[in-house]
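Novice: Relying on the hints, combine the two individually framed chains into one complex.
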Amino acid sequence: MTGPKLLSRRKADRIDELAQGGTSLAKDALRRMASNPVAILGACIIAAFVLLAIFAPLLAPKDPFIPYPELQAQLTPTNIPGPMPGFLLGSDQNGYDFFSRLLAGARQTLIVGVGATIIGVTIGMIIGGLAGAFGGWVDTVLMRFTDILLSIPSLLLAISIAALFASGNQWTVIIAVAMVCVPVFARLLRGSMIAQRSSDHVLAATALGVRRRTIVFRHMLPNSVGPVIVQATLTLATAIIDAAALSFLGLGDTDWRRAEWGLMLGNSQDLLSVKPELAFYPAIAIIIVALGFTLLGESMREALDPKNRR
Amino acid sequence: MALLDVRDLSVVFTRKRARPFTAVDNVSFSVEPGQTVGLVGESGSGKSVTSLAIMGLLPKRGAEITGSVSFSDTDLLTLSEKQLRDRRGRDLGMVFQDPLSSLNPVIPIGLQITEVLERHRGMSRKQARVEAVELLGRVGLPDPGRRVSEYPHQLSGGMRQRALIAIALACRPKLLIADEPTTALDVTIQAQILALLSELVSETGTALIMITHDLGVVAGLCDEVNVMYGGRIVERAERHALFATARHPYTHGLLASIPRLDAARGDKLIPIKGSVADNIAWEEGCAFAPRCPNATDRCRNEPPELVPDGAGMLRCHNPVAVAVPEGAR
Numbered sequence: 001m002t003g004p005k006l007l008s009r010r011k012a013d014r015i016d017e018l019a020q021g022g023t024s025l026a027k028d029a030l031r032r033m034a035s036n037p038v039a040i041l042g043a044c045i046i047a048a049f050v051l052l053a054i055f056a057p058l059l060a061p062k063d064p065f066i067p068y069p070e071l072q073a074q075l076t077p078t079n080i081p082g083p084m085p086g087f088l089l090g091s092d093q094n095g096y097d098f099f100s101r102l103l104a105g106a107r108q109t110l111i112v113g114v115g116a117t118i119i120g121v122t123i124g125m126i127i128g129g130l131a132g133a134f135g136g137w138v139d140t141v142l143m144r145f146t147d148i149l150l151s152i153p154s155l156l157l158a159i160s161i162a163a164l165f166a167s168g169n170q171w172t173v174i175i176a177v178a179m180v181c182v183p184v185f186a187r188l189l190r191g192s193m194i195a196q197r198s199s200d201h202v203l204a205a206t207a208l209g210v211r212r213r214t215i216v217f218r219h220m221l222p223n224s225v226g227p228v229i230v231q232a233t234l235t236l237a238t239a240i241i242d243a244a245a246l247s248f249l250g251l252g253d254t255d256w257r258r259a260e261w262g263l264m265l266g267n268s269q270d271l272l273s274v275k276p277e278l279a280f281y282p283a284i285a286i287i288i289v290a291l292g293f294t295l296l297g298e299s300m301r302e303a304l305d306p307k308n309r310r
Numbered sequence: 001m002a003l004l005d006v007r008d009l010s011v012v013f014t015r016k017r018a019r020p021f022t023a024v025d026n027v028s029f030s031v032e033p034g035q036t037v038g039l040v041g042e043s044g045s046g047k048s049v050t051s052l053a054i055m056g057l058l059p060k061r062g063a064e065i066t067g068s069v070s071f072s073d074t075d076l077l078t079l080s081e082k083q084l085r086d087r088r089g090r091d092l093g094m095v096f097q098d099p100l101s102s103l104n105p106v107i108p109i110g111l112q113i114t115e116v117l118e119r120h121r122g123m124s125r126k127q128a129r130v131e132a133v134e135l136l137g138r139v140g141l142p143d144p145g146r147r148v149s150e151y152p153h154q155l156s157g158g159m160r161q162r163a164l165i166a167i168a169l170a171c172r173p174k175l176l177i178a179d180e181p182t183t184a185l186d187v188t189i190q191a192q193i194l195a196l197l198s199e200l201v202s203e204t205g206t207a208l209i210m211i212t213h214d215l216g217v218v219a220g221l222c223d224e225v226n227v228m229y230g231g232r233i234v235e236r237a238e239r240h241a242l243f244a245t246a247r248h249p250y251t252h253g254l255l256a257s258i259p260r261l262d263a264a265r266g267d268k269l270i271p272i273k274g275s276v277a278d279n280i281a282w283e284e285g286c287a288f289a290p291r292c293p294n295a296t297d298r299c300r301n302e303p304p305e306l307v308p309d310g311a312g313m314l315r316c317h318n319p320v321a322v323a324v325p326e327g328a329r
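Sequences listed follow chains A and B, in order.
Under this note's numbering, the residues of the first sequence are numbered 1 to 310, in order.
Under this note's numbering, the residues of the second sequence are numbered 1 to 329, in order.
Chain B extracted, bound-state conformation (with noise of 0.2 Å):
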């Protein structure tokens, strides 16, 4: 049984004489309880979108939602604001992108936590001071007994990204969904927030959504990985799937700009042709079509479907070939 099940989930912004636009087109994935599922996409992609409307955060007014959220058999698209506010945090935490603006700056840290203690596990200020402290340790704060009194700008970016998790697990949320947690922090601590989170998340048995740009965060952490596009998944693979024989050319043409060590002095970084901003509507063909090495007049034309292929799911017409190994002749 999954933890959160999503069923063609599509958002589509209603703006004041203004075409809609779709951000999120029919994106189903589902996440088992302790697993970690990667969103992964360029800016635009929608990841951050689908994520918001999972959480509920999305604007009513402007937003057209439509498909399902199940969250344990509760479809979290139906509920009201209010019942929201009770599973927010309780059971569907949330890690942002920027530590330092998702922390008020006007309230000391320990006072963050404690809010969230006592408002979804009832208890009382001083016991919700004590834990928090825990919390703060738990998460590797130095001297969390002092920390918990300081400000957000006295922490530093790292440690800010610390509390920041220390909030969003205090009530050991079933699901916690990471928003590029890594993207605002020296690449250093980046791998220590990395390895914090996995280690939190397989001890408390929490699932995680991880969403990024980084295929790198992918490789170290996510049992799945969904790939987006324009809105649109456009490959599902296993990660090892993923690295070794990924089939969709977006997600190809990702693996191939990423900057390798072993490269030869001199070698080029190889990007992704044109921009987001190219794409053609998926209704006319397919989104990626304008930048796709492989793209013939049937992308252009036809919009393809999202299909099983091997272990996994593509929505390519012309799939980079896989090389089959020599043994599973």
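Next up, chain A with everything else stripped away, as it sits in the complex (with noise of 0.2 Å):
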């Protein structure tokens, strides 16, 4: 595991442990990241934009969901009004204050990521769980299902479950984009938990009568979860992008005043002409913290890695 190099950082580590009393991996994976500025930076980015989502309603200086009327003074088919006091960027196309539309849909954007993420992950957790626990015909049947979800092109499936549901709130978006992400964590799931059914501790588990539903909590999730974290991270700047390619598409909320960054780039893209930054700087929004979540995915899933540990 270490080389007689490694050894003397080994034991400064070691020394810290002691001083903590005690360690356990995820804090060693911690302590990792706190090390990695790639790291830092998505963790900073993501910190920014979860501060910006909560705080959205005391951050915007205007109300984002009414019109003002000295910005629809201005408005004609030609012209959108740029900056000018009190409003930071100006105008969107029906007269809102575009600054305080975009940190409105900040918050909107967590709450599409993060909710789709999350049912992704424990739809995806409960099939992987059970195929992997059970193993026999429930594997079989489980991970057919999720091959065939798999063959579907990821976007095309979730128009599809879109236009299938098409109840014209958010929860369209949500539910689409977390039907796409199951079949990757069910897999995910299933394969780490196979791996630990055959690994030595669980058949040194299994030696000693313990038993069956606590094998597979304590000695074969806890060791799987790992990748599933990492991929969640990783998933929630997908779900993000997904999210925004349905809202773009007209499949998602189709309340057009509910500000949803990627429902602003596609209510935009008529206006390049007369206002580009309607478009750029949702586009930006998305794209940074895209980065930031595929970022601390990546650093995380690499604190992770057994290969990477001293």
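It is possible that some hints are incorrect.
[Said to hold, decoys possible] Stretch-level coverage of chain A by chain B, calculated; a stretch enters the list once three of its residues show a Cβ under 8 Å from a Cβ in chain B:
#1 195-201
#2 217-231
#3 276-286
[Said to hold, decoys possible] Pairwise CB distance ranges, derived in the manner of DEER restraints:
#4 A/I118 x B/R19: 24 to 32 Å
#5 B/F21 x A/F134: 25 to 33 Å
#6 A/C44 x B/G145: 39 to 47 Å
Since the hints were derived computationally from the structure, they do not count as laboratory data.
Yeah, the Cβ is synthetic: ideal placement off N, Cα and C, and Gly gets one too.
Specialist: Shown next as structure tokens:
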């Protein structure tokens, strides 16, 4: 596990551990991430995004959901007002404060991204966990089901599901995006559960007469969730992009007043010649947030990789 | 009355589109309460599969197990998985080869002891924790009160194996199977672990099956030794008899291949020629014949039977001659 070169470093770590009174794999991984600049950058982007999303109503200089007469007065088919006193980024095509709507969009995007990922992870883990714990025909049936889901291109699947539900609120998008990531999590958890099932320590626990339930929940599951957590972080990025894509295509929220970056992007496509910023800012916001989750996820994968353990 | 009586145990691995492979072939031996029995052989001789079959840990599919394994008058092979789970850990314990991979990395070692105590001895979590600290102390872990809440990666190799022994002996099983418990450890630690095992085993009256390829381990620990080759027992002897008068050419080869401190400088080690892969099937003749210095045509064509030989058992047509001691004439 460790070369002689690394011994002194390892000893230093040991002393750290002793000082803290014990450590765990999670703490270990956190410590490695804290010394990785990429992880810190990712974490900062995510932290900023989450704070903006939570405090959007307090931070927004204007109410994002009502039109302002002074903006509407200047609206013409060929002119959308730019920055002016009180309105940092000017107006959008409907006379709303564009900057406040961008902030409100952060919250909406977070809700959709996190909601879709949580639902996807939960369903995926139930399917993968059952398949990995039981094996046999349970495994075969569940895995063929996920194979079917996986065989359909993800965006096409999301569009089909969104069209099927078409309830015209944000839940359509959340469910559609969640269903797309279900098979990924199911396969991931099943794979690592199966690897765990044939591992020495599970065999040792079986040799001690430990109950099946305990083996699954205490010995197999906790050792299998690492890759799932990493994938969930990475999925947050794709979920946000997928959700934006669905909104862009008009399959999400039908309420055009709701501020959502994908929707804002979609609604501004006719106005690129009039005010390109209307498309530019939401697009940049989506890219930065997706980048943040990707950086965080990748560095988490690195930190949890046993090959990188000292 | 033997504690464990293995009769004609065979394990055949059946694979799709491949010839069935007989890993264990009509193995019979017994273990008395408190006795230490060695199973010795090279990799692939079937010793680990024998132990997994006794514990009922072989996969249900793909492994055909025949014969009987009576443990305190119950045939373990006829028990359901549920009944087996009740016995494993309580009546039968097992210590594995690699102490790091045999411990769950994400939970403290204390919890891995208490879960067994709670399961088999019906202790409350609190009682079990007190007992766990005591057990860790008994296997010689320094500062057990703190170690109990540490994770496997925080312990050294020797300490991990001590912890595993503590877990296996937590419920004072009647039989402990140790599958190469010292292979992954330093030589100095090996001696400590072996001393600990034999001490605990005699203290608690636990019978021990010691699986090893290391005759040094056998010399220090076992009352009786079964030498396995190609899935069959080829020689059985009391420990001293084995080292003094090994009869089977294979046992002889194993003994000759041990490096000796008193050998002259420049003396080469004497390996056993060839590898297990050279084996012929036992049905055709003696599986060891292709590697055996004493092999004759009879060895290649007529499988030898396991027959009584002196105080032990031997499966060989042309055993190594015993120098009969002068006084015995």
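Novice: Confirm or reject each hint.
Specialist: Right, here's what the structure says about each hint:
Note: the stretch 195-201 of chain A has 3 residues with beta-carbon separation from chain B under 8 Å; the three-residue rule is met and the coverage holds. Coverage of a stretch by a chain is defined here by at least three residues with a beta carbon nearer than 8 Å to that chain's beta carbons; for the stretch 217-231 of chain A and chain B the count is 4, and the condition holds. Coverage of a stretch by a chain is defined here by at least three residues with a beta carbon nearer than 8 Å to that chain's beta carbons; for the stretch 276-286 of chain A and chain B the count is 0, and the condition is violated. In this structure, A/I118 and B/R19 break the distance hint of 24 to 32 Å, their C-beta atoms being roughly 51 Å apart.
Distance hint for B/F21 and A/F134: a CB-CB separation of about 28 Å, consistent with the stated range 25 to 33 Å. Taking 39 to 47 Å as the suggested C-beta distance range, the pair A/C44 and B/G145 conforms, at roughly 41 Å.
Checked against the numbered hints given earlier, this structure breaks hints 3, 4; the rest are met.
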